[in-house]
Amino acid sequence: MNIDFTNKKTIALLSAVGVLAIATIAAVVVLLTLPGKAIQVEDFSGKTVEEIKQWATEKKLADSQLVIDYEFSDTVDKDKLISQSIASEQKLNKDSVLTVVFSKGPDPDVEVTLPDFKDMTEEEIEKFVETNKLLDVTYEYAVDEKIEKGKFIKVNVTDTVVKRSTMLIFTISQGEDGTGEQIIVPDFSDYTKAKITNWAKANKVTINWKEEASDKIAKDKVISQDPKAGETIKTGDKITVTLSLGKTVTMKSLAKMSKDEAKKWLNDNGLVGEFSEAYSGSIEYGYVISNTPEKGDVKQGSTVKVKVSLGKIKLESFIGKKKEDAENFKKKVNNSEANLTFTYSEVESTEAVGTIVSQGYDSGTYLSPGTTVNFQISKGKSVTVENKAGSSEDDFKKYISSLGLNLGTRSTVYSDKAAGLIVENETGSKAAGSSVWYKVSLGLYNPAASDFNNKTVADARKIIENANNSGAGWSFVEQGSDYNETVASGITYDCSASSSEKKVSCFVSKGPTPKPVNVGSFEGKSFNEFNSFITNNGLKLGTKTEEYSDTYAAGTIISNDTGEFTKGTAVNYTISLGSSKIQIVDLTTKVVANDPEGTKNNIMNYLTGQGFPAGNINITIETSDVTRGELIDYPGAGFIDKNDKITIVISSGPSD
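Residue numbers for the sequence shown follow full-length UniProt numbering, so the first one is 1 and each next one is one higher.
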């Protein structure tokens, strides 16, 4: 078909078509460039992190639109969803951010107080473990003849307070006969850790858990078991089960990443971020300062501690405020590692006392952590206080008031100044409104001697001590002690006071003169009877002499001092050691044949055992034709005196 482009109608028609085409294209472009259709959010309950990430990829969400956070929970299992910021059925547009929070499980650092497990059953222990969310518990089983089957034997810790993450190994009794029946080990490949634990408890088997990283075996799945499936074990045996930690992640430094970038990197690598904030002089606000760990391989699901910068510290103005205002600010920012140090000095100022009048950096200055800021605090306008010793107290009070100061501590002292005059006062430069201490004279201390009569020595000394606390400078002296028929023992009398010597002297009574004690003879009586008499009558035991006596039994008084004795004096006495004679048997019965030393030891032990002094026994061994070990010379059987020295000769046999 030929078109005549010179025909006006044709040109008009083509122009109209062109305009229509252009409009159509523009409309398509507009439609293509309009914001995308809002996305309907699903209910993510029961979904894993990976499943939610896959959903976000399919819906073409921007990286910044999905935030995955983690927090500890005692009610939601680990890796399970706690909440989502946009509820299901609601719309997510291009400016929205969807935050999903997953559980990190129970906080492992929470402390738990352990009870006394003694007498608890395995079931009771399991209930305690479950209630308190203990995270690393193993049960072992052992034969025990004394502890009932199923009862607690021991636990591997001695602390009464532990963290949830503390490894606890409970040993449970299998009773007297714990051999049990044979058990065929199942294949744990598809078992969860909880299912393996339940199987082990049911069969009274101890599980020894191990963990290894694996790129092939999913996290928390069994890598291996020993013994293997199908093998036979018995109750109380151990099985080693190795669980997969899943894939490992090579950690890197996140420093200088933004917080969102760090979150994304951790989420993409299956790690959990634990974020905190701190001030920094080199890293700008919102960017990562450091992370722990910073390198090395870590298992997926591990927690990485990330410190995010708050930037430098913006200093507030404290001019006209108090020191406590500055300290509260410092405490608040130092909780986030500002490490600021504030110093304070006092200066004279017309501002109210205690008001901050200057600070080392201007308000709004951004400080690096560790900076020291100096503040000056008003101590008011100072005045000079003069020495007013000798002035009356009224005149001193008026003087202090005229200076704009306050009366401080008032004390009184004895002095040579008249009573009521100022003895001493604080002097020098003082800040306006501060206090001034002063001392007022009580005059000279001039006690009356009669004030000290009929007092205990302690009370009399106390009077002087109290006066000396106020500067009296006196002393108390005990003039002497004697019996006094009218003054009780320990009480002062005939006191005198000397102003020139600044001394009070008193006699101290020993009480009425005691009546003498008449001591008679205690010959033939027991020592206990004699001692009771001496003690009960205020006397003392004097010199003791001991003698042997055939007349008086041991412990009996032979003689004692007699007559009248003043209380407190000593009475000498002689006491019987009993008879000096002892009866011995025929010493030949103590002979050890052919053993001179044996005979010697036998005789010595016998005689000393009978009470004969070892120092009075002389035993020698001599050469003789008498049979070896036999006695040559010895005292015969009968009575011998302990005071006598006896000689015994033992034969060593004839010489060679």
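Heads up, a few of these hints could be off.
As the list claims (entries may be wrong) - Below, in silico cross-link-like pairs of lysine-lysine (DSSO-like), each with a Cα-Cα straight-line distance of 30 Å or less: (1) Lys455 / Lys515; (2) Lys600 / Lys567; (3) Lys195 / Lys259.
Claimed, not checked - Derived CB-CB ranges, DEER-like: (4) Lys60 / Pro108: 33 to 41 Å; (5) Asn454 / Lys322: 39 to 47 Å; (6) Thr158 / Lys201: 19 to 27 Å; (7) Lys60 / Ala202: 44 to 52 Å; (8) Ser336 / Gly404: 25 to 33 Å; (9) Ala202 / Asn93: 33 to 41 Å; (10) Thr158 / Asp109: 39 to 47 Å; (11) Thr75 / Thr158: 29 to 37 Å; (12) Lys195 / Asp159: 24 to 32 Å; (13) Ser336 / Glu58: 36 to 44 Å; (14) Thr75 / Gln54: 20 to 28 Å; (15) Lys234 / Thr75: 49 to 57 Å; (16) Thr138 / Lys234: 39 to 47 Å.
Hint data in this document are derived by calculation from the structure and do not stem from the laboratory. Just so it is clear, the structure is predicted and the values come from calculations on it, not from any experiment. Note that the Cβ used here is the ideal one computed from N, Cα and C, for glycine as well.
The hints, checked one at a time:
Distance restraint check for Lys455 and Lys515: the Cα-Cα separation of roughly 25 Å lies within the 30 Å cut-off, and the hinted pair is therefore satisfied. With a CA separation close to 55 Å, the supplied pair Lys600 and Lys567 exceeds the 30 Å bound. Note on Lys195 and Lys259: the hinted pairing is violated, with a Cα-Cα distance of about 39 Å set against a maximum of 30 Å. At about 38 Å, the beta-carbon gap between Lys60 and Pro108 stays in the expected band of 33 to 41 Å.
Range check, Asn454 to Lys322: Cβ separation about 60 Å, and the 39 to 47 Å hint is violated. In this structure the supplied range 19 to 27 Å holds for Thr158 paired with Lys201, their Cβ-Cβ distance being about 25 Å. A C-beta distance of roughly 50 Å is found between Lys60 and Ala202, which places it inside the suggested range of 44 to 52 Å. Under the hint 25 to 33 Å, the C-beta atoms of Ser336 and Gly404, about 44 Å apart, miss the expected range.
Look at Ala202 against Asn93: about 54 Å separates their beta carbons, and that is not inside 33 to 41 Å. The hinted window of 39 to 47 Å between Thr158 and Asp109 is violated, with their beta carbons roughly 20 Å apart. The hinted range of 29 to 37 Å is satisfied by Thr75 and Thr158, whose Cβ atoms lie roughly 31 Å apart. Here the CB-CB span from Lys195 to Asp159 is close to 31 Å, well matched to the stated 24 to 32 Å.
Between Ser336 and Glu58 the beta carbon distance is about 40 Å. The supplied range of 36 to 44 Å therefore holds. The hinted window of 20 to 28 Å between Thr75 and Gln54 holds, with their beta carbons roughly 27 Å apart. Under the hint 49 to 57 Å, the C-beta atoms of Lys234 and Thr75, about 39 Å apart, miss the expected range. In this structure, Thr138 and Lys234 break the distance hint of 39 to 47 Å, their C-beta atoms being roughly 19 Å apart.
Hint violations for this structure: numbers 2, 3, 5, 8, 9, 10, 15, 16, all remaining hints satisfied.
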